[in-house]
Amino acid sequence: MPELPKHEIAGQVLDVNLHILDRQVLDNGDVPIGHVDGVEVDGIDRGQELDPDSSPVVTNLVLNSGLWPRMFGGRPPESRLHRVPWSAVSKIGTAIELGEPGSSFDVTWPERWVRDQVIARIPGGRHAPE
Amino acid sequence: MKKYLAVALGILTAIGGFVDIGDLVTNAVVGSRFGMSLAWVVVVGVGGICLFAQMSGRVAAISGRATFEIIRERLGPRAGTANLVASVMITVMTLTAEVGGIALALQLASGVQPLLWIPVAAFAVWLVIWRVKFSIMENVAGILGLTLVVFGVALFLLGPNWGDLRSQALQQTSHPRETPLTYWYYAIALFGAAMTPYEVFFFSSGGVEEKWTEKDLVTSRANVMVGFPLGGVLSLFIAGCAATVLLPRGVDVDALSQTVLPVAIGAGKLGLAIVILGVVAATFGAALETGLSAGYALAQFNGWSWGKFRRPAEAARFHLTIIVCLIIAVLVLLTGIDPILVTEYSVVFSAVALPLTYLPILVVANDPQYVGEHVNGRLLNAVSSVYLVIILVAAVAAIPLMILTKAGA
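Chains as they are written, first to last, in the working numbering: chain A, 1 to 130; chain B, 1001 to 1409.
Calculated from the structure, these hints are not laboratory results. Values in this document were obtained by computation on a predicted structure and should not be read as measured data. Among the hints, a few may not be true.
[To be verified] Pairs of lysine to aspartate or glutamate residues, derived as DMTMM-like cross-links and limited to a Cα-Cα distance of at most 20 Å, are as follows:
1) Lys91/A to Glu40/A
2) Lys1133/B to Glu1210/B
3) Lys1003/B to Glu1210/B
4) Lys91/A to Asp15/A
5) Lys1211/B to Asp30/A
6) Lys91/A to Asp1367/B
7) Lys1002/B to Asp1216/B
8) Lys1406/B to Asp1254/B
9) Lys1406/B to Asp1252/B
10) Lys91/A to Asp30/A
11) Lys1211/B to Glu97/A
12) Lys1211/B to Glu130/A
13) Lys1133/B to Glu130/A
14) Lys1002/B to Glu1210/B
[Unchecked claim] If you want a taste of the chain B side facing chain A, the calculated C-beta under 10 Å gives, among others:
15) Arg1065
16) Arg1074
17) Ser1305
All residues carry an ideal CB built from backbone N, CA and C; glycine is no exception.
Using the sequences provided together with the hints, build the complete structure.
Here it is, written out as structure tokens:
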């Protein structure tokens, strides 16, 4: 693992590639809701030097936007960009933990759809295994 | 006392759960063609699965991350997707072989033809995954699988020439009917059967299912380090039986009935009844493991909610994956394809997919963020690196050997 650059400000230093991309995202009940496919950053203007006084800010994590664009380049359509605001993140460890239930993010809609249309309709689907 | 019981139960489950249709078929085929001269491969393969299973178990116990979450995280989108596709295909292929194995074993017991048993077997597998608690499921299948020890009993009752078996294993006697290429082809098949990737998916996900913590490390290590080698001994008994009965008669194994034939000769009707029970339990248990593993792999890779500790409705896409995989297995089997053939291919393809599964486990088992102070020692890393080289060589050689030998014909 390469040494991370030293920073003057105290706190957790995160490498986007190493600690954030492709990490599992858990909601406040430790239920997996997706993987990080991208990070949105505000405050970078194309072609301009970064201003040390107003550093760029991470605004959103993009979850499960599909692996195709990441493998072959390009940008996923806007409808596929399931965003989770950075402010919802409560802890970053071996997984990224959120402080809110998964149902409040639209990235979980396919899970809810399969649950309501298929799995919950099969007898025993709503009961814990015995 | 209760703790020792738990350890003992875990070990027994690991022994009974180790053998699946791949081990049953490949060991019998190899025993009937090469005697015990490939026994060393079983030893090497069991050593490898022990190393990597305990690493994946340690990572799961301390970080709560199962193997496919790590594969996605460490390999990234490209290599990760390649591994996912390969692993799920092989796991579904193995599931197909296991469901077919249940049907063949039930045919031996009942005389009813396997095509009728296939949907029944698959439905029973689904029902257990749907409704039965993880720990009960694992323990019952494992303990019943222990009845395969009857292969060992039969071997003693057959009274083989032990000196012969030993010299086959140690001195590599020549095999007039075989070529070096088929020898190495079956070496890779046996290696793939012992190290099938689904075993680490299942083992690490099982650790998360049973909510292992640092305290369970000793138990999980004992399960692996004692249970798997004893499971490997069962494999050698199967090969030994075939080497004693089938090799001298020149019988090639191409049906499950030939795998169990030596037991019927050595231990009579009772032995046959017990071994059929053992085969049903082993293949049923492995069908549960492979079905779940396909779900684990896909769900963990995509970040879906998964696990049998949740209600099915709380892990909807995970359960849907398992249902779809079982339906695929049934449809493939209903074409009338021979499950033994599916098994033989699945173990060789397993060997191809091994490197991409085991490399990330080794990397993460050295990462303090995941395992804290329990990182690998130097010796463990050295041995694991040697294994990665073996795994890589086997993976590269598998397909060319398959083509050159016409799949071992």
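Cross-check of the supplied hints:
{"no.": "1", "hint": "Lys91/A to Glu40/A", "verdict": "holds (18 Å)"}
{"no.": "2", "hint": "Lys1133/B to Glu1210/B", "verdict": "holds (10 Å)"}
{"no.": "3", "hint": "Lys1003/B to Glu1210/B", "verdict": "holds (15 Å)"}
{"no.": "4", "hint": "Lys91/A to Asp15/A", "verdict": "holds (15 Å)"}
{"no.": "5", "hint": "Lys1211/B to Asp30/A", "verdict": "holds (13 Å)"}
{"no.": "6", "hint": "Lys91/A to Asp1367/B", "verdict": "holds (19 Å)"}
{"no.": "7", "hint": "Lys1002/B to Asp1216/B", "verdict": "holds (14 Å)"}
{"no.": "8", "hint": "Lys1406/B to Asp1254/B", "verdict": "holds (15 Å)"}
{"no.": "9", "hint": "Lys1406/B to Asp1252/B", "verdict": "holds (16 Å)"}
{"no.": "10", "hint": "Lys91/A to Asp30/A", "verdict": "holds (12 Å)"}
{"no.": "11", "hint": "Lys1211/B to Glu97/A", "verdict": "holds (18 Å)"}
{"no.": "12", "hint": "Lys1211/B to Glu130/A", "verdict": "holds (17 Å)"}
{"no.": "13", "hint": "Lys1133/B to Glu130/A", "verdict": "holds (5 Å)"}
{"no.": "14", "hint": "Lys1002/B to Glu1210/B", "verdict": "holds (17 Å)"}
{"no.": "15", "hint": "Arg1065", "verdict": "holds (5 Å)"}
{"no.": "16", "hint": "Arg1074", "verdict": "holds (8 Å)"}
{"no.": "17", "hint": "Ser1305", "verdict": "holds (5 Å)"}
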